[in-house]
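Visitor: Sequence:
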Amino acid sequence: MEYTTLSNGLRLPLVGFGVFQVPDAAQCEAAVLTALENGYRLIDTAENYLNEEAVGSAVKKSGLPRSEVFITTKLWIDHYGEQKSVDAVHRALERMGTDYIDLILLHQSLGDYYSAWRGLTRLYREGVVKAIGVSNFYPERLTDLCMHAAIRPMVNQIECHPYFQRQTDLECAQHFGVQLEAWGPFAEGGRGIFTDPVLTKIAAAHGKSTAQVMLRWAVQRRVIVLPKSVHADRIKVNIDIFDFALTDAEMQQIAALDTGHTEIIDHLNWHTTEFLNNIKGRQD
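For reference, each letter of the sequence shown is one residue, going 1 to 284 in UniProt numbering.
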């Protein structure tokens with residue numbers, strides 16, 4: 001495993017395990033257990049993934065010390081607001097059966113996220129959360145928050161893959177000392193990315209899969225990746241990326257694949273903003 005260090009000195013792995021779209025508790029718990037058994041130590045969930053309980057249960061059943069597993073979760077828009085966010089984090093703690101969360105993120109750059117950020121800042125200062133960050137913040141929103149917040153975000157989790165490489169986002173994050181994390185590192189399989197001729201040629205040269213090449217590409221950019229799978233064989237393969245490195249020429253070939261636009265969800269479209277604001281967070 002390779003690691004990165006957040007602006008507050010917290011060290012975390014460059015490869016984590018995501019559980020988006022795995023709402024079935026038994027399936028999620030089994031997948032997280034498999035991930036932990038195969039060396040993953042960063043687990044990424046969210047209140048609206050409806051599986052925080054399963055993540056917490058898997059961490060306990062793994063037998064690993066809590067201090068060895070880095071747990072991330074996220075708050076939804078209708079739980080933004082200083083006290084509302086504090087209350088939502090405490091509910092997440094109860095669901096996962098833990099007395100602290102390693103990283104808490106604001107899930108979207110919508111609603112009253114400035115007040116929510118003040119709530120997260122309180123919890124960070126109290127030690128209830130070890131790091132605070134955001135998700136789906138484009139450069140102008142991230143810049144604005146960094147320039148006005150008492151404590152800057154330590155992480156920004158965004159869509160990032162070879163077809164949408166987010167170089168400007170990376171430059172902005174590095175400027176403000178924010179660590180980028182990539183959700184959807186495989187573009188959710190869109191546009192035939194697993195059979196892309198450039199990626200398959202590079203994969204063949206290294207005796208690796210295209211998925212492994214995509215993850216290695218991200219890691220070499222110092223971007224944390226969060227691959228998700230419920231299949232044990234893929235979970236094992238996705239973390240096996242530390243015995244090879246892409247050449248500068250291969251990195252340049254992958255850089256040429258960038259389309260400059262999303263393959264999954266367009267946060268700059270007002271219809272998307274309306275859609276996301278109509279989604280309700282967990283009410284329990």
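No lab work stands behind these hints: they were computed from the structure. A couple of the hints might just be wrong.
Pairwise CB distance ranges, derived in the manner of DEER restraints [stated by the list, open to error]:
#, residue 1, residue 2, range
1, A245, T200, 17 to 23 Å
2, G260, T200, 18 to 24 Å
3, A249, Q27, 39 to 45 Å
4, H148, F242, 18 to 24 Å
5, H175, V230, 34 to 40 Å
6, T195, D240, 19 to 25 Å
7, T195, V230, 17 to 23 Å
8, E68, A255, 17 to 23 Å
All C-beta atoms in this analysis are idealised placements derived from N, C-alpha and C, irrespective of residue type, glycine included.
Visitor: Give a verdict on every hint.
Guide: Hint by hint, here is what the structure shows:
1. Here the CB-CB span from A245 to T200 is close to 18 Å, well matched to the stated 17 to 23 Å.
2. Judged by the Cβ atoms, the range 18 to 24 Å given for G260 and T200 holds: they are separated by roughly 22 Å.
3. Between A249 and Q27 the CB atoms are about 41 Å apart, so this pair conforms to the stated range of 39 to 45 Å.
4. Between H148 and F242 the beta carbons are some 38 Å apart, a value that contradicts the proposed interval 18 to 24 Å.
5. About 37 Å separates the C-beta atoms of H175 and V230, a value consistent with the hinted range of 34 to 40 Å.
6. Between T195 and D240 the CB atoms are about 20 Å apart, so this pair conforms to the stated range of 19 to 25 Å.
7. A hinted range of 17 to 23 Å for the beta carbons of T195 and V230 is consistent with their spacing of about 22 Å.
8. Between E68 and A255 the beta carbon distance is about 35 Å. The supplied range of 17 to 23 Å is therefore violated.
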